[in-house]
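Visitor: Read off the chains here:
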Amino acid sequence: MSIAVAPPGAEHTTDVVIIGAGPTGLFAVFELGLLDLKAHLIDILDRPGGQCTELYPEKPIYDIPGLVEVTGQGLTDRLLDQIKPFNATYHLGQMAERLEKADNGWTVTTDAGTRITARCIVIAAGGGSFTPKRPPIAGIEAYEGKSVFYAVRRMETFRDRTLVIAGGGDSALDWTLNLQPLVRKLTLVHHRDGFRAAPDSVNKMRALVAEGKMEFIVANIKALQGSDGALSGITLNNKERGDFTLPCDALLPFFGLTMKLGPVATFGINLNENLIPVDTGTFESNVPGIFAIGDINTYPGKLKLILSGFHEGALMAQQAFRYCRPDEKLRFQYTTSSSSLQKKLGVA
Amino acid sequence: MKLIVTDRKGAVHELKGRDDWSAMEVIRDANLPMAAECGGACACATCHVYVAEAWQDRLPQAQQQEVDMLDFGVAVQDNSRLACQIRLTDDLDGLELTLAPESL
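These protein sequence lines map, in sequence, to chains D and L. So the first sequence is numbered by this note's numbering: it starts at 1 and just counts up by one. So the second sequence is numbered by this note's numbering: it starts at 1 and just counts up by one.
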């Protein structure tokens with residue numbers, strides 16, 4: 001599936017910015033497109049699909065109307081295909097960081113410096129931004145960004161360091177293999193002698209251990225030692241050895257992703273327990289022109305279902321049209337009978 | 001049946017368990033803080049709980065999918081389980097669980 005991914009850091013103007021490219025955000029492109037409204041999508045993940053592709057790409061979904069069974073990835077692929085005629089612009093691997101009032105609408109700025117100005121903002125952020133899980137180890141905050149990292153932005157950061165990688169998934173194993181040649185000493189720490197990661201990576205890691213090129217320890221991380229953000233060691237614990245110290249000056253914990261509301265909380269919209277209350281006629285928040293659809297909104301009777309997000313997107317689009325095209329008459333049409341809609345869809 | 005759940009502040013809650021519900025569903029239904037982000041698909045490890053010692057051998061063993069998913073849990077111990085994979089039955093009346101710490 002080819003989609004138009006914009007390089008980061010540029011300025012754009014459009015009708016609607018959709019924050020979140022999960023199923024709800026994707027289908028919103030369709031509903032907006034039928035009304036000739038252009039959309040840009042922002043997502044922190046590097047591919048569209050949201051929870052569907054991040055959490056359960058291979059798992060079947062049975063409650064999408066008309067699709068007896070579809071996987072998370074399958075639904076995402078079908079949605080991308082369905083919205084293709086509307087040529088949305090995708091800003092992937094970026095987090096919507098700031099929202100400011102513009103002359104006639106709003107400007108969203110991402111953490112990659114992309115700035116998009118639009119008349120309407122649609123927050124379709126689900127459970128929030130996917131961010132790396134941060135292990136609940138006392139005082140870890142002080143080390144983050146200095147000697148504790150949740151991602152590898154530049155491999156050079158780790159050259160000649162005494163590195164501990166924690167975790168048993170693909171990220172933990174892939175970075176173990178990639179960073180091992182660079183570092184002074186590498187230890188992989190995992191809570192069991194078994195891995196979720198691809199067997200091939202695990203075999204390669206075990207071979208490195210057998211050759212004496214790295215160490216693998218089954219243990220839990222109990223505490224961090226060091227000062228001023230500089231790690232000097234970590235306290236590990238396992239049944240055989242109890243508590244023991246492993247000297248290191250860098251730690252990479254890889255425990256998957258979790259969803260955090262993130263900067264949306266600073267956008268100046270009313271929130272109720274991290275959800276955005278909306279008017280169910282328009283799916284608008286308390287701020288005119290800012291909408292919330294899908295799992296991130298709340299209203300009496302709300303159900304967190306993909307199909308609810310589709311409905312919410314359709315009603316949102318009607319109201320967004322009134323903001324974006326105040327001088328035009330909104331014409332409600334069916335794709336079955338309208339030749340102008342069929343033209344937009346490229347089928348007429 | 002009852003489910004005894006200790007929250008992260010140490011408060012103990014006696015919840016009414018329902019046959020065939022998962023422990024995660026009962027805990028969420030009681031509005032205890034549990035993210036359970038994937039909604040029970042064994043795909044996120046955010047319904048992580050510790051099982052009281054007396055109950056560890058009485059629970060059906062974790063399937064491989066759950067064991068693997070626990071690699072994405074934080075602060076995993078030998079008594080860690082994913083609450084979405086614990087199916088409640090009358091045999092489990094009085095099951096004691098503790099909510100594991102969450103990601104910061």
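One should not assume that every hint holds.
To be verified - Think about it this way: if two alpha-carbon atoms lie no more than 30 Å apart in a straight line, the pair counts; the simulated BS3-like pairs of lysine-lysine are:
#: 1; chain 1: D; residue 1: Lys239; chain 2: L; residue 2: Lys16
#: 2; chain 1: D; residue 1: Lys204; chain 2: D; residue 2: Lys260
#: 3; chain 1: D; residue 1: Lys239; chain 2: D; residue 2: Lys222
#: 4; chain 1: L; residue 1: Lys16; chain 2: D; residue 2: Lys302
#: 5; chain 1: D; residue 1: Lys146; chain 2: L; residue 2: Lys16
#: 6; chain 1: D; residue 1: Lys213; chain 2: D; residue 2: Lys185
#: 7; chain 1: D; residue 1: Lys304; chain 2: L; residue 2: Lys16
#: 8; chain 1: D; residue 1: Lys344; chain 2: D; residue 2: Lys329
#: 9; chain 1: D; residue 1: Lys304; chain 2: L; residue 2: Lys2
#: 10; chain 1: L; residue 1: Lys2; chain 2: D; residue 2: Lys302
#: 11; chain 1: D; residue 1: Lys38; chain 2: D; residue 2: Lys344
#: 12; chain 1: D; residue 1: Lys344; chain 2: D; residue 2: Lys84
#: 13; chain 1: L; residue 1: Lys9; chain 2: D; residue 2: Lys59
#: 14; chain 1: D; residue 1: Lys260; chain 2: D; residue 2: Lys38
#: 15; chain 1: D; residue 1: Lys222; chain 2: L; residue 2: Lys9
As the list claims (entries may be wrong) - To spell it out: a stretch of chain D is covered by chain L in this simulated footprint if at least three of its residues, at any positions, have a beta carbon under 8 Å from a beta carbon of chain L; those stretches are:
#: 16; stretch: 51-65
#: 17; stretch: 163-171
#: 18; stretch: 188-194
Worth flagging that the hints you see were computed from the coordinates, not collected in a lab. Cβ coordinates follow ideal geometry from the N, Cα and C atoms, glycine included.
Visitor: Indicate, hint by hint, whether the structure satisfies it.
Guide: Hint check results:
1. D:Lys239 - L:Lys16: violated, 35 Å
2. D:Lys204 - D:Lys260: With a Cα-Cα distance of about 34 Å, the restraint between lysine 204 of chain D and lysine 260 of chain D is violated, given a limit of 30 Å.
3. D:Lys239 - D:Lys222: With a Cα-Cα distance of about 13 Å, the restraint between lysine 239 of chain D and lysine 222 of chain D holds, given a limit of 30 Å.
4. L:Lys16 - D:Lys302: Holds. Lysine 16 of chain L to lysine 302 of chain D sits at ~25 Å (cutoff 30 Å).
5. D:Lys146 - L:Lys16: violated, 46 Å
6. D:Lys213 - D:Lys185: holds, 8 Å
7. D:Lys304 - L:Lys16: The given pair, whose Cα atoms are some 24 Å apart, holds under the 30 Å limit.
8. D:Lys344 - D:Lys329: holds, 18 Å
9. D:Lys304 - L:Lys2: Holds - the C-alpha atoms of lysine 2 of chain L and lysine 304 of chain D are around 28 Å apart, at most 30 Å.
10. L:Lys2 - D:Lys302: Judged against 30 Å, a Cα distance of about 29 Å means the pair holds.
11. D:Lys38 - D:Lys344: Holds, because 12 Å separates the two Cα atoms, which is no more than 30 Å.
12. D:Lys344 - D:Lys84: Between lysine 344 of chain D and lysine 84 of chain D the Cα gap is close to 11 Å, so the pair holds against 30 Å.
13. L:Lys9 - D:Lys59: Violated, because 35 Å separates the two Cα atoms, which is more than 30 Å.
14. D:Lys260 - D:Lys38: Distance of about 28 Å is within 30 Å: holds.
15. D:Lys222 - L:Lys9: Holds - the C-alpha atoms of lysine 9 of chain L and lysine 222 of chain D are around 19 Å apart, at most 30 Å.
16. 51-65: Satisfied; 4 residues make the cut.
17. 163-171: Holds: 3 residues of the stretch 163-171 of chain D have a Cβ under 8 Å from chain L.
18. 188-194: holds (count 4)
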